[in-house]
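Undergrad: Here the structure of chain A is known, so what remains is to put chain B in place on it, guided by the hints.
Number of protein chains: 2
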Amino acid sequence: MTTLPAFCTPVPLDKAYRLLNHGPTVLVSSSHAGEHNVMAAAWSMPLDFSPPKVTVVIDKATHTRALMEGSGWFALNVPARGLAQATLGVGSDSAASAPDKLQRHGIQLFQPEGCDVPLVQDCVGWLLCKLVPEPHNQQTYDLFIGEVTQAWADARVFVNGHWEFDKAPDDLRTLHYVAGGQFFVIGDSLKLKA
Amino acid sequence: MTTLPAFCTPVPLDKAYRLLNHGPTVLVSSSHAGEHNVMAAAWSMPLDFSPPKVTVVIDKATHTRALMEGSGWFALNVPARGLAQATLGVGSDSAASAPDKLQRHGIQLFQPEGCDVPLVQDCVGWLLCKLVPEPHNQQTYDLFIGEVTQAWADARVFVNGHWEFDKAPDDLRTLHYVAGGQFFVIGDSLKLKA
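The listed protein sequences derive, respectively, from chains A and B.
Residue numbering for the first sequence follows numbering that gives the first Met the number 0, starting at 0 and increasing by one per position.
Residue numbering for the second sequence follows numbering that gives the first Met the number 0, starting at 0 and increasing by one per position.
Derived by calculation from the structure, the hints in this document are not laboratory data.
Simulated pairs of lysine-lysine, DSSO-like, Cα-Cα distance not exceeding 27 Å:
#	chain 1	residue 1	chain 2	residue 2
1	A	166	B	190
2	B	129	B	100
3	A	100	B	192
4	B	14	B	190
This is chain A alone, in the form it adopts within the complex (with noise of 0.2 Å):
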């Protein structure tokens, strides 16, 4: 599908950054050949501003990284509370075992025009990225950097290049996974003056 959910508005390049600053778990999509896959992975980080450029760490074990390393592509999607329980499964599935996997945890996906690796829906933040090729990287520690080409955002969370979680619904707050099933939710603002 080429349309947008409700609510998923572009952001700005140059604020890109902002939607993984504050360290959420999220959920990277891949598409390839036919093919395409969704996985959770925690560990994951701005690495530049402009332009704007992603890290994430990917294990060989994966049908996410090929699919990657086969198109060039992939997006960071950043789930909310109420994807906690799909975030888990497609965490701890994997293709190959359960070929499934986004099927049988609700996971459902959309396009935006111009856009060639699916997005996931009910997510708050998205960010498609051209791989940027470090064989060095990717083969001695599973890190692969991405240059960020597009981003959205969910307008009712983030507004004008800012999450505003205390006036959204809590099924709308970035989730943070520490290891056993076990998440954090992001909680208060704490705005200060320096």
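TA: Chain B only, in chain A's frame:
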């Protein structure tokens, strides 16, 4: 000083990644040739479980970078709500323009036995890291990799390898920076079964 602050207890190395897994903003401390410094960094993440490794982005303009490259060591300190103003302060001032920035922002240091890098008091987690030299990453992306050789946490809030923010004072909740002086503190726990 070599005495550990109250509550600061060793964390087994196989659990050290959990100090960073939920994406907190960190304070980077370093020391070389009689000088030391502390800066804030929102862009850090775990890179491996065993041996535990981390990544952190450190700008070329920082004094911290010179100290890290000089000594080959650095530490990631995980500040909490009680240190929010100090975290913003040492993240905004530079050692070049404000040589007294640590005193100015009330940052106090301690140094455990056998740890050559000063650590920041009143944090809730600490990771001592040996720089893994990767000149291409450092030069091209300002990206530094470290292997964690020792870790500690505040035993009031990190218990048996798990954060227990819900049972501890609110001032011990970790900080998650966005931009423009705005942080979020970590919120509620969600414990799910796969």
